[in-house]
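Trainee: Here is what each chain is made of, one letter per residue.
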Amino acid sequence: MGFREVGLSESEYKRITELLGREPNALELELVGVMWSEHCSYKSTRPLLRTYPSKGRYVLQGQGENAGVVDMGEGWGFAFKVESHNHPSAVAPFQGAATGVGGIIRDIIAMGARPSVSMDGLFFGDANLCKTRNLAKGIVEGIGAYGNAVGVPVVGGKTFYSPAYNDNPLVNAFSAGFVRLDKMASSQTAKPGDCAVLLGSKTGRDGIAGASFASRELDEDARASKPQIQIGDPFEEKLLIECCLELLDKNMIASMQDMGAAGILSSSSEIAHKSGCGIDIFVEKIPLREADMLSWEIFLSESQERMLLIVEKEKLAPVFATAKHYGLDCAAVGEMTEGKRYRVYRNGALEADLPTSILGSAPELSWPAEEPKDMPERRAIDLSTLASEDPAKELTTMLSCPNGRRKDAIWEQYDSMVQLHTIAGPGEPAAVVEVPKTRRACVLTMEAEPYKCWTDPYCGAAETMTLALRGLWLTGADTLGMTNCLNFASPEQPDKFYELKECVRGLADSCRALDCPVVSGNVSLYNETASGRIYPTPLIVAAGLVIDREKITRSGRTKDGDYIYTVGKIEGSLSSSRYQSRKSGKPLGKTVEPDFEAEKNFRERAIKTARAQAADSGRVIAGGGLATALANEAIASGIGMEITLAPEKSVESLLFSEGGARAIYAVAPEKAAEFERIWQGFPLTKAGRAGGRGFAWKDILNVPLSELEKAFSGEE
Amino acid sequence: MRTAVVVFPGSNCDRDVRRAVSETLKTPVDMVWHEEREFASEPDLVILPGGFSYGDYLRSGAMAAHSPIIGAVRRHAAAGRRLLGICNGFQVLTESGLLPGALLANTSTTFICRKCWLRVEQTENRFTSGLKKGGIVQYPIAHHEGLYFLPPKELRQLEDDGRVVFRYADPVSGEAGERFAPNGALNGIAGICNEEGNVLGLMPHPERSTVAHLNGGSDGGAFWLSIARDFAERGA
Chain A
1 MGFREVGLSE SEYKRITELL GREPNALELE LVGVMWSEHC SYKSTRPLLR TYPSKGRYVL
61 QGQGENAGVV DMGEGWGFAF KVESHNHPSA VAPFQGAATG VGGIIRDIIA MGARPSVSMD
121 GLFFGDANLC KTRNLAKGIV EGIGAYGNAV GVPVVGGKTF YSPAYNDNPL VNAFSAGFVR
181 LDKMASSQTA KPGDCAVLLG SKTGRDGIAG ASFASRELDE DARASKPQIQ IGDPFEEKLL
241 IECCLELLDK NMIASMQDMG AAGILSSSSE IAHKSGCGID IFVEKIPLRE ADMLSWEIFL
301 SESQERMLLI VEKEKLAPVF ATAKHYGLDC AAVGEMTEGK RYRVYRNGAL EADLPTSILG
361 SAPELSWPAE EPKDMPERRA IDLSTLASED PAKELTTMLS CPNGRRKDAI WEQYDSMVQL
421 HTIAGPGEPA AVVEVPKTRR ACVLTMEAEP YKCWTDPYCG AAETMTLALR GLWLTGADTL
481 GMTNCLNFAS PEQPDKFYEL KECVRGLADS CRALDCPVVS GNVSLYNETA SGRIYPTPLI
541 VAAGLVIDRE KITRSGRTKD GDYIYTVGKI EGSLSSSRYQ SRKSGKPLGK TVEPDFEAEK
601 NFRERAIKTA RAQAADSGRV IAGGGLATAL ANEAIASGIG MEITLAPEKS VESLLFSEGG
661 ARAIYAVAPE KAAEFERIWQ GFPLTKAGRA GGRGFAWKDI LNVPLSELEK AFSGEE
Chain B
717 MRTAVVVFPG SNCDRDVRRA VSETLKTPVD MVWHEEREFA SEPDLVILPG GFSYGDYLRS
777 GAMAAHSPII GAVRRHAAAG RRLLGICNGF QVLTESGLLP GALLANTSTT FICRKCWLRV
837 EQTENRFTSG LKKGGIVQYP IAHHEGLYFL PPKELRQLED DGRVVFRYAD PVSGEAGERF
897 APNGALNGIA GICNEEGNVL GLMPHPERST VAHLNGGSDG GAFWLSIARD FAERGA
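Residue numbers (my numbering), protein chains in the order written: chain A, 1 to 716; chain B, 717 to 952.
One thing to keep in mind: the hints can contain errors.
[What the hints assert, rightly or not] Chain A is faced by these chain B residues, among others (derived, beta-carbon under 10 Å):
1) S727
2) C729
3) R731
4) R735
5) W749
6) F755
7) Y770
8) G771
9) I828
10) R830
11) A858
12) E923
13) R924
14) T926
15) L930
[Claimed, not checked] Pairs of lysine-lysine, DSS-like flavour, derived with a Cα cap of 27 Å:
16) A:K274 to A:K55
17) A:K131 to A:K202
18) A:K437 to B:K742
19) A:K437 to B:K831
20) A:K55 to A:K14
21) A:K285 to A:K14
22) B:K831 to A:K710
23) A:K586 to A:K137
24) A:K407 to B:K831
25) B:K831 to A:K551
26) B:K831 to A:K559
27) A:K202 to A:K274
28) B:K831 to A:K137
If you are wondering where the hints come from, they were derived from the structure by calculation, not from laboratory data. Glycine included, C-beta positions come from ideal geometry on N, C-alpha and C.
Next up, chain B with everything else stripped away, as it sits in the complex:
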């Protein structure tokens, strides 16, 4: 499996994602600058990393959604290949219309960085098929705009379609929902996928709980392994 990490000016989790993927999967990771118009390496997985693309000017992710590389990102997704947006990358996906909804400012109106527990709601996609449905995982968050928002009717549809992949949860009781969302996300939504299941966006950072001796925990490794297993079983 070949991975490409898109680097926008202002991205700051690009190197972290590269480390998490390459240390866990021992597979090649290419860094692709936003001014490119094609992926030279035909990646199986494209990752839009966290950070502050274009300084988050205008709105988080809004300018990156119009970056030169985005055409190639759209074609990659349209071909049914895996596209993953983490944090700012998720914001880029909603701003570019590849995923529905918007990420609004946290209800606290402050940046929040802390460990965060999520319930895996759905394993029918190309990323989480190797995780346990209903299981609790810990991926840290670090964002100022992480309140997932969608108008009521569309939100119902999203839920009915089973496209919520991660929901903020209580690690002890296993309950999930809005009251466990540190940012006020509607229905406690932390991550969603598209109808085909090949585009996933989430606010928490699985790469931050990948290197076990660091302070972000160790649940993220299974996420990368799940993607690799899905790729091995189903191909690109």
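Only chain A is shown next, with the shape it has when bound in the complex:
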């Protein structure tokens, strides 16, 4: 076998022979080839990811573990991470999405946490295409089938439709869990003499070399890739969760790691490398589904529902007993050693002998970056083409278009209430979850702004990040940190790498300016097919902490007679907005520049507003602009509004422009003075009043609330 067949370049192969001091044998070459793949090594993005701020007052565990962990107080940690499962979901939507959910849940278990909540970022093609409907149906059913059975509630998410995802849908699965701080697990605490134990499913031929599959563009005939797709079994996963948590509770586990990409190889080599020891693995001890599997197949298999536990020898017996109680397969397959060698034995013969460091030290790649030549065209926008003759009609279109309408057809297929801790679930702008046995709450927001990242990667990514944070602050939450999934095209072309680099710069600058550490994440490259490529799609999940769940500003709670306020600039930018993109057929124009001072001022006042409970209801202005935010609020509250704001630039800009620190609030008249005092020093405008059954905007539009509700429900 040659180095090219395992995906290595000539210079990488040369580096391996230098590090080894000899030529690798065939198995060794396979092992290094996979560990040095983009999917496992992040070799193209590591230099970029280093620019993220990683420290913060709440961070207990940053990047480098299976998931980040932040401190929720009162002895609770919160482990969270988002991960892509794009390529598998494009080929086998149901199984691809299901195993995406299963995989991210195991990352959370590996931190010792009980998987407590999930969210999903879904990017589908043109909503009118049969192909999109089929893919979406399979993906949603796959997420539901797995998550519902495992019993982890889906508390929110994001669904975005655009033809850019026709052939390359994105599935970004987020999971999080609460963990007692004294029960946190780690992949860095194995000691020489400890046993390596495989718990869960037997190892089969499914998903072999999925890691290198994900490091290429999708083939035209992706069906040929089917053997690389894994099959999920949520029943096994549920038992795995309960078994691991019981073992951790009894202090039976020294160290643990989930098995994701590159299965046994990556989990065992990472745990040895991070713990500063070596490992001997005895292949014949690994429980197999098919007896005739070759060593490389066994090491690269991505069979689902497996965990690698590191167990002290004297604790093996109780570990086996617990596994038996749950009906799980369990086998001691190796031993941690003093020397820092990764050694594979099969029936006594030494089949591979590598320094553990080699597997985790793929040389970094620095791809050249160059601004795309068509950037001036992406940014060219003729505002006169955006004029609206019928603002009422435009508003109902904003509410009824695939990206604007209510997504209950999707989220009602997910269990959003199991585990009894969802305070605000799907359909609300921010998810709110009870911290176990406390009055505290965790707030989560998920955002992506593909249009804006396409026309201006830096500002688009900054707007994505700040939008996610504004959603937290509005509820009254303090920023805990964020996790991100970077979905991009090939890094090998300078114009595409430029988008990635600029997006990461936008995220890093925003996070640094606004005290939001990056605690975990995932990169998915090569999201393109022969027919096209996706928009640059960084997806963010931001997490926040509320000390008292009774002091949260919620949405959809506007009351009759409330004053309606807008905070922040009245108008943002129509460029690359939902309105503009629909009107022009594609996103055009550069979005707003980030203004971190304004964001900080917004943060301070939004949190104060919540703590003082000065507003009945609030909502960040996001996709579809001010008019869409007001209409959504009116629909959710079941109450009409009379708005009197006059346009600055144009009616379209007033109604539909996006970007910047802006929100709407509904305030009871007796609280108005307090509210206005809190927002002193920040642009604040009284926009109107809530009441009645109509949605009226002085001199602009007047629509019955029932019409808006119909549009939002997709009945139009």
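Take the given structure of chain A and dock chain B to it, following the hints.
Mentor: Frame of chain A; chain B shown alone:
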């Protein structure tokens, strides 16, 4: 009143039920693993919780109906003590023949999780005697197989015997029936009891509307209080 919650492999509402009962009633709740053959604690109320027992392989609830603990569950019911099956637990009760009928796939062929309104049809049993007959309660649903089915003759008998305890309803008009069933359940049946009134099965989850500050509503608390009051008045 002592409660036992049976935990099958794949159950996932077991801890939720424990929380709902213990927070509302402040009474002890034991978790009993499916491999047990007896209830060690002589419970007054046994609950088969929601979830996907044995991965719902074969049919929902079919394998759990043959689990080692089921013998003890049958004896508990035969002794006239309270046995409650929620969602997957209801499916286990029909699969084991402790309640008639079957739960088929929803007419939408999808999983449905949402708030759901029910009319209390019957208060002559050991669970709902403290609720208002004809009143509307909101307990959320979350299931893929919730279409209650029984052949026409038996269905008539079940109705004539007054064994329908909960029926899907419209919260505004108070009407109940099949057209309000999100899953296509015959006659809009959401929950039924046995002739003696000590075995109740329902698809909606009262435990999900018990903790008032959560997103499932707050009508469930009265259900647990009703059971406790019935126990206090009539004993086990």
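Trainee: So, for every hint listed, does it hold in this structure?
Mentor: Outcome of the hint check:
1. S727: holds, 8 Å
2. C729: holds, 6 Å
3. R731: OK, holds: B:R731 within 10 Å of chain A, min 7 Å.
4. R735: The hint holds - B:R735 has a Cβ within 10 Å of chain A, the shortest such distance being about 6 Å.
5. W749: Holds, because the Cβ-Cβ distance from B:W749 to chain A comes to roughly 8 Å (cut-off 10 Å).
6. F755: violated, 19 Å
7. Y770: At 7 Å from the nearest chain A Cβ, B:Y770 passes the 10 Å test, so the hint holds.
8. G771: holds, 3 Å
9. I828: Given a least distance of 6 Å, the restraint on B:I828 holds.
10. R830: holds, 5 Å
11. A858: With a closest approach of 5 Å, the B:A858 hint holds.
12. E923: This interface hint holds because 7 Å falls under the 10 Å limit.
13. R924: Result: holds, 5 Å to nearest chain A Cβ.
14. T926: holds, 8 Å
15. L930: holds, 6 Å
16. A:K274 to A:K55: The hint holds at about 20 Å.
17. A:K131 to A:K202: Cα-Cα ~35 Å, so violated.
18. A:K437 to B:K742: holds, 15 Å
19. A:K437 to B:K831: Satisfied, since the Cα-Cα distance of roughly 24 Å is no more than 27 Å.
20. A:K55 to A:K14: Not satisfied, since the Cα-Cα distance of roughly 37 Å exceeds 27 Å.
21. A:K285 to A:K14: With a Cα-Cα distance of about 33 Å, the restraint between A:K285 and A:K14 is violated, given a limit of 27 Å.
22. B:K831 to A:K710: holds, 20 Å
23. A:K586 to A:K137: OK: A:K586 and A:K137 at ~25 Å, within 27 Å.
24. A:K407 to B:K831: Holds, at about 16 Å.
25. B:K831 to A:K551: Given that 27 Å is the threshold and the Cα spacing comes to 25 Å, the pair holds.
26. B:K831 to A:K559: holds, 22 Å
27. A:K202 to A:K274: Roughly 25 Å between the alpha carbons, so the hint for A:K202 and A:K274 holds.
28. B:K831 to A:K137: Distance ~23 Å between B:K831 and A:K137 Cα, so the pair holds.
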